[in-house]
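J.: Below are the chains, spelled out letter by letter.
4 protein chains.
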Amino acid sequence: MPVFAWKGESEQDFWWCIDQCVSSESWQPNMILDDGGDATHLLLKRYPAASNLIKGIVEESVTGVHRLYQLSKAGKLTVPAMNVNDSVTKTKFDNLYCPRETIVDALKRTTDVMLGGKQVLICGYGEVGKGCAAALKGVGAIVYVTEIDPICALQCCMDGFKVVTINDVIRQADILITATGNKDVVIREHMDRMKTGAIICNMGHSNTEIDVQSLRTPDLTWEKVRSQVDSIVWPDGKRISLLAEGRLVNLSCSAIPSFVVSITATTQALALIELFNAPSGRYKSDVYLLPKKMDEYVASLHLPTFDAHLTELTDEQAKYMGLQKTGPFKPQYYRY
Amino acid sequence: MPVFAWKGESEQDFWWCIDQCVSSESWQPNMILDDGGDATHLLLKRYPAASNLIKGIVEESVTGVHRLYQLSKAGKLTVPAMNVNDSVTKTKFDNLYCPRETIVDALKRTTDVMLGGKQVLICGYGEVGKGCAAALKGVGAIVYVTEIDPICALQCCMDGFKVVTINDVIRQADILITATGNKDVVIREHMDRMKTGAIICNMGHSNTEIDVQSLRTPDLTWEKVRSQVDSIVWPDGKRISLLAEGRLVNLSCSAIPSFVVSITATTQALALIELFNAPSGRYKSDVYLLPKKMDEYVASLHLPTFDAHLTELTDEQAKYMGLQKTGPFKPQYYRY
Amino acid sequence: MPVFAWKGESEQDFWWCIDQCVSSESWQPNMILDDGGDATHLLLKRYPAASNLIKGIVEESVTGVHRLYQLSKAGKLTVPAMNVNDSVTKTKFDNLYCPRETIVDALKRTTDVMLGGKQVLICGYGEVGKGCAAALKGVGAIVYVTEIDPICALQCCMDGFKVVTINDVIRQADILITATGNKDVVIREHMDRMKTGAIICNMGHSNTEIDVQSLRTPDLTWEKVRSQVDSIVWPDGKRISLLAEGRLVNLSCSAIPSFVVSITATTQALALIELFNAPSGRYKSDVYLLPKKMDEYVASLHLPTFDAHLTELTDEQAKYMGLQKTGPFKPQYYRY
Amino acid sequence: MPVFAWKGESEQDFWWCIDQCVSSESWQPNMILDDGGDATHLLLKRYPAASNLIKGIVEESVTGVHRLYQLSKAGKLTVPAMNVNDSVTKTKFDNLYCPRETIVDALKRTTDVMLGGKQVLICGYGEVGKGCAAALKGVGAIVYVTEIDPICALQCCMDGFKVVTINDVIRQADILITATGNKDVVIREHMDRMKTGAIICNMGHSNTEIDVQSLRTPDLTWEKVRSQVDSIVWPDGKRISLLAEGRLVNLSCSAIPSFVVSITATTQALALIELFNAPSGRYKSDVYLLPKKMDEYVASLHLPTFDAHLTELTDEQAKYMGLQKTGPFKPQYYRY
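Protein chains in written order, with our numbering: chain A, 42 to 377; chain B, 42 to 377; chain C, 42 to 377; chain D, 42 to 377.
So that you can see chain A by itself, here it is in the shape it has in the complex:
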């Protein structure tokens, strides 16, 4: 299996690599496993002949899934596609536990900062924000949260965190973490008011959440402390540490646990197998959510790691609940 990728690719390199993947003369892809939708896009658009031989697409990113739904709506999706981004084993594991395992690690590896008693402001209380907040509370930090969605805000209150606006606490925050999926959440005006020694990093989406560009002005001096750590110096001597230049700090400065990767990869592999093996007619040229039963299967494959022992329903219990003894155990809309 040839691989086309290297660290430090340019944009041009990036597209060349994708092109190599889908258009090699020596092989013919029959399934696409994509993360972002770029391979899908290129193949469908530029190689219509090859795309006719594709039996299915598996996509795991928010962006890629969004594109697939648009294609489907426009009637331009010509093969079945599986949205694994919204499977439970993705949204409630990768998105929640991975940040919980990595945020403290990323902060420690880059700054060696003590976290007990530190005032931390987390922007966003989705799965990522929830994971970060739990981890930081666990090491004795005092956590504040900003939210736009009243439901997540109410969860946040019940979980014991104060819901504030950035302006309420920006002057006292020791550490600021973005986890919103949005852009310009932290802007120059905020950073101008932070105290010296504060640390800023992003756990959310791409490199858009912190307006890093606004820090590249002549009055501020950037000092590289070490790889992935810049100390920005204000004219009055104030210093703020910016991690990974605003890119995802856990991908840049920590290590994603292989267990979490395994869950997501297993989900993708099962989705590929399902689409490839499905009898003709089971899937049309549309976007599908992973069948609940496969989600459950992925989870069950990972339980032995924990010496976990499942309980089996008796026949009477299964009947009483209206369930098959082998699952699925929950309706499709169950939230976990």
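Since the hints were made in silico from the structure, they are not lab data. Just so you know, not all the hints are guaranteed correct.
In this list, chains with the same sequence are indistinguishable; a pair is considered to hold if it fits within one copy or across any two.
[As the list claims (entries may be wrong)] With a straight-line Cα cutoff of 35 Å, these simulated DSBU-like cross-link-like pairs (lysine-lysine) come out:
1) K48 <-> K360
2) K360 <-> K86
3) K178 <-> K114
4) K48 <-> K133
5) K265 <-> K366
Following the hints, position chains B, C and D against chain A.
T.: Only chains B, C and D this time, still in chain A's reference frame:
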């Protein structure tokens, strides 16, 4: 507004009360707010004329919602119905935080038991089990969990609880709590092996989870310790405390926080208003989930209790996210 | 064994009861087990003949111990006395875990308040404050703490609680708990600024911490909500709930776990036995701390409750550590 | 100020360095700040003339303090010495919070292991064990503890951890951490029974706790995974990761927070100043504990980091408590 209900109703009383509600000569209901589906059932079946004047049904229980979907499937639902049981503000607040607030309270009020260091077995890690486990961990108990669903089991592991079968730990458990929604989860055979002084109670569904009937045998003696607490004595002198005769221990022996009730009641009220005011044609004779925007509105009404301050999207941010600034903020399938 | 005590004793009754205990014609006490030092005081002062037959005094309260040290200093202590108040199994169990087990219980039984997301101000971060803070954090409250001692304040920060002055947060506090051992910690001026619906209670010392007297003014109305709960109404309609009229809320409104009582009672019993059996000369007429080995013995007697299994030192390990294999395992000044 | 030390010193180098410190011709030390007692030992023994000019010794290690007490007992201590090892700001901060901040960090930096749901066995529940247990519970690990001291074991139970013997859980442990201060706590026999993939490390004392020597046998293969990480391979293919060859894993593989170092260093500096400035006669040639007031002063200097605001006693309150308004606030034996 006449109310027909009293504590200690017989089954016959119960149906008489419902009949009074729907069939009074002096008034004519035009909306049904139901919890379990019995009023709905009676009206539709026995008072077809009156049911023609009903503009909508709001139902908040699992059972009632199940019946509505069956009616709809059978083409027998003649009015629009709103399933508020599956709104976020119900499933992720009432089901999760209410047990977290009440399980310790119920155990303390009935038994004055110290919880630090106690070994607690919780059957089920749905929302109710999650709430109980979090509360008991918070007071220093050692928590074990049983599960049938591998996804919930995996969450349980990641949350730091050992997933076991009942038989693995039944001999060492100090407290056993059921939270499965199923029947015969704890049977005589299990209780025969528990140690003296153990406490058994149910936080789940009805009074079916513990096989209480199996304890009513001549070889066991029941001693009433106080209201809602029975000490069951085995021939060898072993004693087990059974709370509320296996009925929901938090409803029987604790107090549900008014805040949680307020969230659910607000949801119901909004659903009634929506169905009543909706322009003709917006809802057909089918079962609907509460619109996400109403869920968010219910949450926003409860934030001032916590001095919580929401952040507002800028125009650019809303556009970037493809959202209205006033919500809804998440897709319908978002899990929270 | 005759007992002289009843609920609702007057001050006069109280002294009559103590007098009966120490001066009965039909018996002659030879040991004193005291909690507060009043029996000791009466016997030594009023019954010198009887006090000559006393072989030892065991005292478990701060106040009583204080009096004994004063007697000793003044050369007026005529028998050996054991200070069990400062044994580890008292200060680090009774003082810490008992509040942790009872504060939430006391709040729930009296007010049914939901604790998730509530802002709680605890005055004092000694053992009692630490126990309350841990319990309330465990149920999702947001905890603030006041302290006079910089060491306890620093512990508090590291444990993840914000150290404030009362004035910093009094307007936003939902619940105010005193745990200082001091007097007039919460005064009228503070309560005038609290928000309506707030709850005030005392977990510390006697009934001195909250200036309850300052609330008995003509402009405020007291409404008895239920036993141990008063609603104080301000002229503008603001209401504050005062629990147990400022007396210890866990003693008044909760139930002390029998396990904690057992630890303390065992300590007292062992101290009595030690003083009674000690060969002449081991103890002089002075105040002694409980020997470390007895503290360890008390702890070891309570481990089976938890299925806890101790590890035993090998001969080599004991030698390496300079310890006896049977303990004591720590120097007298070890802090645990 | 000349410094004599480098990474990777031999034993001989080590003593040469110390000799240079105390015997330089170009300077004359008048105070000793020691960590382990080696400089003190060398100076007193080999340079009696120089030692006569020493005004005081400050020692911060268990071992060094032990030696000083022995010298004092033997009447051979010729200068006043301060035991800062047993100051509160050392035992309850450095010993407790430093492990809490560093154990997860050390495990992540060396092995990238996911900690959620992992079964961790900690040997010892002193301050170090308490810190490790709290940190690991905070990230979702399931923690078991071994103890020899029944008091610490009882604390452990009340804190929600199961007290076991190594043999009870060695087969299921994913991670084993020693924190006892003892030797041969983990021996070959234990490691032979651990499961493949398990991780072993030491947070306690020197490199004695794990019998590393017992792993250097011909049947086992050592593979260096990276700096400070060895994979030991059993004949059947089982692999165990040993961190830092059994030396202190947080010193070897993590970074001690500068804040914790600051607390300890400040304590040492104040002790030096006190001994140097003390009027003749205040200290004799004996070992002294740091005065409580200095401990409090060290703490107060570190509170601004947390925006912590101390409360000041009123005159009446100070009088009621029998305290000076400026402290000390607790008796010498107070445990915190």
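J.: Looking at the structure, which of the earlier hints fail to hold?
T.: 3 and 5
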